[in-house]
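Novice: As a plain string of letters, each chain reads:
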Amino acid sequence: MKHTLVEKIFGNKVGHEVKPGDIITVPVDWCMVDDIMAKFCIGKFEEMGFTKVYDPEKIVLIYDHFLPSTQADDTVAFHAGDAFAEKYGIKNVHRTDGICHQLMTEAGYVKPGDIAFGTDSHTVTYGCVGAFSTGIGYTEMAGILGTGEIWIKVPETIKVQIEGKLNEGVTSKDVILRIIGDLTASGATYQALEFCGSTVSDMSVASRMTMTNMAVEAGAKCGICIPDEKTAEYCNIPYDEKIKNLCPDEGASYSKVLTYKAEDFVPVMACPSLVDNIHPVSELKGTKVDEVFLGSCTNGRLEDLQAAAAVLKGRKKAPHVQFIVTPASRKVYKEALNDGTLEILSKAGAIITTPGCGLCCGRAGGVLTDDEVVVATNNRNFLGRMGTSKVKIYLASPVMAAKAALFGEITE
Amino acid sequence: MSETFKAKIWKLDDDIDTDIVLPTEYLALKTVEDMKPYAFSPLRPELAAQIKPGDMIVAGKNFGCGSSREQAPEVVKALGVSCIVAQSFARIFFRNAINNGLLLIENPDLHDAVKEGDEALVTPGEKIVVNGKEFPIASLPENLMEILNAGGLVKAMRKRNGLD
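Here the protein sequences come in this chain order: A and B.
Residue 762 is where the first sequence starts when you use the working numbering, and the numbers rise one by one after that.
Residue 350 is where the second sequence starts when you use the working numbering, and the numbers rise one by one after that.
Incorrect hints may have been included.
[Stated by the list, open to error] Computed spacing ranges between beta-carbons, pair by pair:
id, chain 1, residue 1, chain 2, residue 2, range
1, B, E352, A, P817, 38 to 48 Å
2, A, E807, B, L396, 32 to 42 Å
3, B, D383, A, E808, 13 to 23 Å
[Claimed, not checked] Non-contacting residues of chain B with respect to chain A, defined by C-beta distances greater than 10 Å in every case (computed):
id, residue
4, P391
5, C414
6, P422
7, I441
8, R444
9, G466
10, G481
11, N498
12, G511
Bear in mind the hints are in silico, worked out from the structure with no lab data behind them.
If you're wondering where the values come from, they're calculated on a predicted model, not measured in any experiment.
C-beta: ideal position from N, C-alpha, C; glycine also.
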């Protein structure tokens, strides 16, 4: 039987062939628990009656949503996490290093072919290195922490093949937004999205992360890219036979195949208040903007900050715009500081914040009031996510976000 | 699981995301009881106070899309909602609901056939009857029934650990 990449990963792990629809119990290579869910997860773990974790080396605790803390009880999460880590010998605790989904690959945890679960829906991001990863609730995570395994239904796979070279000013964000628009917000529910073709091969791992990060916005169980030499370099591992074998079989069976030509993509935005409400920027130009947010696990990497800096170099943001930049991690922050990117953005009038998730979920800064408009590079424009339920959130690429900051209105 | 119950319908549409079910700002409140007044607040701020124990929610497609927050199904269960019938559910919400013992039922037709305030007779695993019309419903896969029958994942794990 021929297999898609996700079927291969599961087959390798359970030691026998699997097919879509099979309900299997898989061993878990990585567990990511974030601060919002930590105390609830720990509570469930104890309620379940476990006395030890299955493997402290495989558990990563990351504090990112509540930093800097903004509500009186936020730090309770850190105390709960720290006490749990101490009690069970968990050494992988990141207290101010950045957004969980950035760190799980950047800090060297998840590698090609691994199976990872996290207490946040954007755990799908790690498919960028050819791993299976997905989000779960804290009760299920508590179960994994104790047993090291979880049941999963082997998903069908949708193949998304993109060939050719993207036009100037078009990024992987525009690509994934268009794909979500075509699939709709539920079009890939329970399924895997496998991204392939020369356009994806040409992308940096950072650009691929933007794509896999948003797979869940089409309902997908995971998004995955085929690991290659770039992946090996990013993961700091040899490009060997093991990685080369992590590719879909010729003739594998897909539930659907979407084929795109790279040159057909144009800059787009997801308009209020649905991620699949996609419109070309050309239709939206002139919309007045109150805030621009550049950052998040979707688009807070060095290349994203650099793309914005290229637009803003030697220029100033529009006076009325609140322009907030959040690097995805401390490492990204440092790199952007060292290469002058942050200086350009700061001189252009940006507020540069510590790495974290707060802006994206309206939890730490940048919250807006009725009828205000924000152009943001994150992944969700849900009702009330960045302020009141009448705030209008437009999701965009870093290039389009920078232009909106510069001109104070959506600009092509 | 197969006992028939009567439930008043609250109707919601497509793509009810978990930020609507419970916004991020309330996720760190001390208990699920504290979160109850804010359920569905971005969309219908008055709804949480109107829902009475035993009522049901009937929604369109992709209910529970978005974040993995388990507080979403927990708060719905805490409001006393007996079940959610939707055209489809987002996968993380689906798993979280089952793990917390909240009954979810997929049905393609019910949403378009009922209005808010209608009363339904629900027989889990069999059918829903509203306004004299019958809507057949499927039963869940065996491994999920095991979790539901154990009373949720916590209880299933306690049993595994020899505690109950």
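Novice: Just double-check G466/B for me: nearest Cβ-Cβ distance to chain A has to come out over 10 Å.
Specialist: The assertion about G466/B holds, with a minimum of 24 Å to chain A.
Novice: Would you say P391/B is clear of chain A, with no C-beta pair closer than or equal to 10 Å?
Specialist: 3 Å, violated
Novice: Beyond 10 Å from every chain A Cβ: check whether that's true for R444/B.
Specialist: At about 6 Å from chain A, R444/B fails to clear the 10 Å cut-off, so the statement is violated.
Novice: Decide, holds or violated, for the assertion that all CB atoms of chain A are farther than 10 Å from the CB of I441/B.
Specialist: 5 Å, violated
Novice: With d taken as the least Cβ-Cβ distance between N498/B and chain A, does d exceed 10 Å?
Specialist: 15 Å, holds
Novice: Examine each Cβ of chain A, and state whether all of them lie more than 10 Å from the Cβ of G481/B.
Specialist: Label holds. Min Cβ-Cβ 31 Å, cutoff 10 Å.
Novice: Non-interface claim for G511/B: all C-beta distances to chain A beyond 10 Å?
Specialist: 8 Å, violated
Novice: Taking the minimum C-beta separation from P422/B to chain A, is that value above 10 Å?
Specialist: Non-interface label on P422/B violated, nearest chain A Cβ at 8 Å vs cutoff 10 Å.
Novice: Indicate whether the distance between the beta carbons of E352/B and P817/A respects the range 38 to 48 Å.
Specialist: 44 Å, holds
Novice: Given the hint of 32 to 42 Å, is the C-beta distance from E807/A to L396/B inside that range or not?
Specialist: 33 Å, holds
Novice: A range of 13 to 23 Å was offered for this pair. Does it hold for the Cβ distance of D383/B and E808/A?
Specialist: Hint holds: Cβ distance 19 Å, inside 13 to 23 Å.
Novice: A cut-off of 10 Å on Cβ-Cβ distance, and C414/B was said to be off the interface with chain A. Does that hold?
Specialist: The claim breaks: C414/B does not keep its Cβ more than 10 Å from every Cβ of chain A (closest is about 6 Å).
Hint check: violations occur at hints 4, 5, 6, 7, 8, 12; the rest are consistent with the structure.
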